[in-house]
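Numbering (UniProt numbering), first residue to last: 1 to 260.
Rather than coming from a laboratory, the hints here were simulated on the basis of the structure.
Positions of the beta carbon are idealized from the N, C-alpha and C atoms, including for glycine.
Label-pair restraints from in silico Cβ distances:
| # | residue 1 | residue 2 | range |
| --- | --- | --- | --- |
| 1 | GLY120 | VAL12 | 45 to 51 Å |
| 2 | LYS105 | GLU20 | 24 to 30 Å |
| 3 | GLU20 | GLU72 | 34 to 40 Å |
| 4 | MET119 | LYS51 | 33 to 39 Å |
| 5 | ASN59 | HIS32 | 15 to 21 Å |
| 6 | TYR194 | PRO128 | 47 to 53 Å |
| 7 | LEU85 | HIS32 | 29 to 35 Å |
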Amino acid sequence: MGRQPCCDKLGVKKGPWTVEEDKKLVNFILTHGQCCWRAVPKLAGLRRCGKSCRLRWTNYLRPDLKRGLLTEDEERLVIDLHARLGNRWSKIAARLPGRTDNEIKNHWNTHIKKKLIKMGIDPLTHEPLNKEVTPQHNHDDDHHDLEVIHEESQKLCSHVSSSDNSSAPTDQNSSTDESRSTSDPGDDDLLMNYIWSETIFLDDPLWNISPETSGSYGNFGLPSSEDNSDRWLLDYEKDFGDEDFGLGCFSDMDMNYGTQ
DNA sequence: AAGTTACCCAACCGCCCATCT
DNA sequence: CAGATGGGCGGTTGGGTAACT
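Make the full structure from the sequences, and use the hints.
Quick look at the structure:
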């Protein structure tokens, strides 16, 4: 009856992940793909909850992740989508390739919210703050709004595959404390480079990749050019079947916006 | 230089829905 | 069909660090 519990909680480690743990997890996912998360820690030799492994992978170790602050385009898109979808971060993240729901949620709470308030816009309702009564949303606007979102998404998509980590915090636009340079993706990238280089599977034919051929995703040994990224995704999907590696956003976007 | 405050974000918590037995 | 779990999701927390006093 039912399923076995996710993890026995006893002897399960919590807190920040070590490089060793990251390597184990990456190694395991690369060899076995994402099977059931409950089994991952045991099979990978980790003293972690399966849930924790899933989170670590989707939010940090996934090879397609972009790093650094959200670009202006991405921010605009997040705001648009939030106006339509509310706090459904996973849905919003699905429209931003390489971004996680957690990342977007954090960025919203720490940056965008403040920006909107500064601009006199209620981050919840997206209405002017001094407005007394929030008018009912005009559904006639829906189509227009969605079109705007689609356009933004499309623009973004075209940037993503060709830009080299365009999210790098150049901060030419952010004028306030958002430009704080605490988020230094460089260190992270070094760490990730180390983790991925230490995995014995980088030249696994499954991935059909090598560090030498890498470009924008060089730190993960992934191809960078538009063509290559598409091919990489196809190989990726082909090799791992229907498993969702958190790349649904790409195929999703292709489905919705790829053809025009 | 030391202490305090503010900020950021990775990770955890708890809930919900789909799925399994 | 009912009960239980897995996986996904949004909300929250706590540690680390930069900025300020």
